[in-house]
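Number of protein chains: 2
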Amino acid sequence: MKVKEIMDKEFIVVSPDQKVDEVSIKMEKKRKFTTPVVDDDEKLVGWITSLDVTRGLREHKKKVKDIMYSREEIVHVYENDTARLAVLEASKHKLVSIPVLNEEEVVVGVVRTFDIVKTLSQLYEIKVYKIFEAMEQELKGVSWDELMEASAIVTKRSTGERITAEEYEQRIRNSTFGEAIWATGGLEKFFVGFTAIGELVIARKVARARK
Amino acid sequence: MKVKEIMDKEFIVVSPDQKVDEVSIKMEKKRKFTTPVVDDDEKLVGWITSLDVTRGLREHKKKVKDIMYSREEIVHVYENDTARLAVLEASKHKLVSIPVLNEEEVVVGVVRTFDIVKTLSQLYEIKVYKIFEAMEQELKGVSWDELMEASAIVTKRSTGERITAEEYEQRIRNSTFGEAIWATGGLEKFFVGFTAIGELVIARKVARARK
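Listed in order, the protein sequences are those of chains A and B.
Numbering-wise, the numbering used here puts 175 at position 115 of the first sequence, and it's gapless, one number per residue.
Numbering-wise, the numbering used here puts 129 at position 69 of the second sequence, and it's gapless, one number per residue.
Honestly, the hints are just simulated from the structure, not real lab data.
Please note that a few of the clues may not be correct.
Result set (BS3-like, lysine-lysine): computed pairs, CA atoms no more than 25 Å apart in a straight line [claimed, not checked]:
{"no.": "1", "chain 1": "A", "residue 1": "Lys89", "chain 2": "B", "residue 2": "Lys125"}
{"no.": "2", "chain 1": "A", "residue 1": "Lys79", "chain 2": "B", "residue 2": "Lys122"}
{"no.": "3", "chain 1": "B", "residue 1": "Lys154", "chain 2": "B", "residue 2": "Lys90"}
{"no.": "4", "chain 1": "A", "residue 1": "Lys152", "chain 2": "A", "residue 2": "Lys178"}
{"no.": "5", "chain 1": "B", "residue 1": "Lys89", "chain 2": "A", "residue 2": "Lys190"}
{"no.": "6", "chain 1": "A", "residue 1": "Lys62", "chain 2": "B", "residue 2": "Lys249"}
{"no.": "7", "chain 1": "B", "residue 1": "Lys249", "chain 2": "A", "residue 2": "Lys190"}
{"no.": "8", "chain 1": "A", "residue 1": "Lys62", "chain 2": "B", "residue 2": "Lys90"}
{"no.": "9", "chain 1": "A", "residue 1": "Lys152", "chain 2": "B", "residue 2": "Lys62"}
{"no.": "10", "chain 1": "A", "residue 1": "Lys62", "chain 2": "B", "residue 2": "Lys178"}
{"no.": "11", "chain 1": "B", "residue 1": "Lys90", "chain 2": "B", "residue 2": "Lys69"}
{"no.": "12", "chain 1": "B", "residue 1": "Lys190", "chain 2": "A", "residue 2": "Lys152"}
{"no.": "13", "chain 1": "A", "residue 1": "Lys187", "chain 2": "B", "residue 2": "Lys190"}
{"no.": "14", "chain 1": "B", "residue 1": "Lys121", "chain 2": "A", "residue 2": "Lys122"}
{"no.": "15", "chain 1": "B", "residue 1": "Lys152", "chain 2": "A", "residue 2": "Lys89"}
{"no.": "16", "chain 1": "A", "residue 1": "Lys125", "chain 2": "A", "residue 2": "Lys89"}
{"no.": "17", "chain 1": "A", "residue 1": "Lys154", "chain 2": "B", "residue 2": "Lys89"}
{"no.": "18", "chain 1": "B", "residue 1": "Lys265", "chain 2": "A", "residue 2": "Lys200"}
{"no.": "19", "chain 1": "B", "residue 1": "Lys86", "chain 2": "A", "residue 2": "Lys79"}
{"no.": "20", "chain 1": "A", "residue 1": "Lys89", "chain 2": "A", "residue 2": "Lys79"}
{"no.": "21", "chain 1": "B", "residue 1": "Lys86", "chain 2": "B", "residue 2": "Lys62"}
{"no.": "22", "chain 1": "B", "residue 1": "Lys187", "chain 2": "A", "residue 2": "Lys152"}
{"no.": "23", "chain 1": "B", "residue 1": "Lys89", "chain 2": "A", "residue 2": "Lys121"}
Bound-form chain A, shown alone:
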C-alpha cells in the first residue's frame, strides 16, 4: 500500500504571507490542527500547527512566516512511499499529520493519524471465521464441520476448555482477528493453534484417503 492510498486529499494550505488571524479562522472552520505552508507553485515551504497559531495570536505575530516551522524541520513523505513509512514516522515522532509531496515537491495530500488508525484497524477487525473459510476452501476434501470439530479438539488439548464444535463455530463468528490474537497471546501463538488444527484435519484426510 502506498502513501497516496491513505492520504487525505481534502487538505488546506496557507501561504507564508497570510495573516495569522486569517489562517486561524480557516483552520478552525476546517477543524485542522496542522496545515502545510506552500509557495506560489504549491511547493512545501513550511508547516504550522494550531499551537503555533495560539502563540502567534498571543504574541501578536503578524504573518504565517513569523510562526511557521521551516522546510528543513518538517517530517514529510512522498506519495509513492510505502504507507508503512508514514506509519513509522507518525509513531516515531508522535505526529498527528504528515504532509505528502509528489516528485516536484508539490503538496498533494496530508496523512492523518486517525486515517492511519482506520486503515490499520481493518486487519484487526476481520472476523476469524473468514480465515477458516479460506482454510476450508484451500483444503479440498475437508468439510467445514470437520474443521470445527478439529478446532474444538485442539482448543481442549491446548487450554483444557471443553468446547463443542458448534460452540467453537459460534465463537469464531463473533470474534475478530484482533481479539483472537489477544486471546491466544500473540500472532505467533495464533499461528501455532491454526497449524495444530491444520495438522489434525490433514492427518485425518490422509488417513481417510488411505482406507
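Fit chain B to the supplied structure of chain A, relying on the hints for placement.
Coordinates of chain B only, in the frame set by chain A:
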C-alpha cells in the same frame, strides 16, 4: 487489551476558571492539541482543543469555560474498556485524542491516535519468519528446510514464480507480516498460502511415517 494499557498518563488538565492565555501557554509548552477540563475532584467537565484556544484568543474570551465543549459533547472511554473501543471511536469521529475515565468519572489518562498507531502497527511489523518458526515448532518431525522447500513449491504453484528454498528463506527474513498480507492480497489469501504450505509438509510427513 484494555484502554489503560495504551493510554498516555502524562496528560495535562485545566480547570473551567483558568484563563485562556494561561492555558494556551501550558498547551504549547507540553505540545498538546487537546486537554480535558476537570473540576476540583479531577472529574471530567469539559474538553478544549487548540482550535478553541485560537478562537478564544482572537475573540478575547477570558476563561476556559467560555470556550470549552461541555461534558455531554465529549467522546470518552473508561480505563477498563477494550482498547478496540478507543480505536473504533478515534477512527469513527476522526479524533486525535480521547479522555479516559475511571469508574468515579475521574480523568486518569488520554488515548492519543499516534499511540494507537504505535500499538496497531506492532502486528504489521512482526517478521514473517517468526510465524514459520512457530509453525515449525508446532509440527513435530518437520524440519525448517522442509518448510522452506514446501513454501518455494507452493509459491511457484500459485504465482508461477521460480524461487529456491534459500531465496524464500531470505524473503521471509526481510519481510513483515504487513508486507506479506499486502503482497498476497489480504489476510485470507495469506492464510490460504499458509494452509497450502502446511498441507504439503504434513502430507509429506505422513507419507514418510507410513514407509
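Hint numbers contradicted by this structure: Per hint list: 5, 8, 21 violated.
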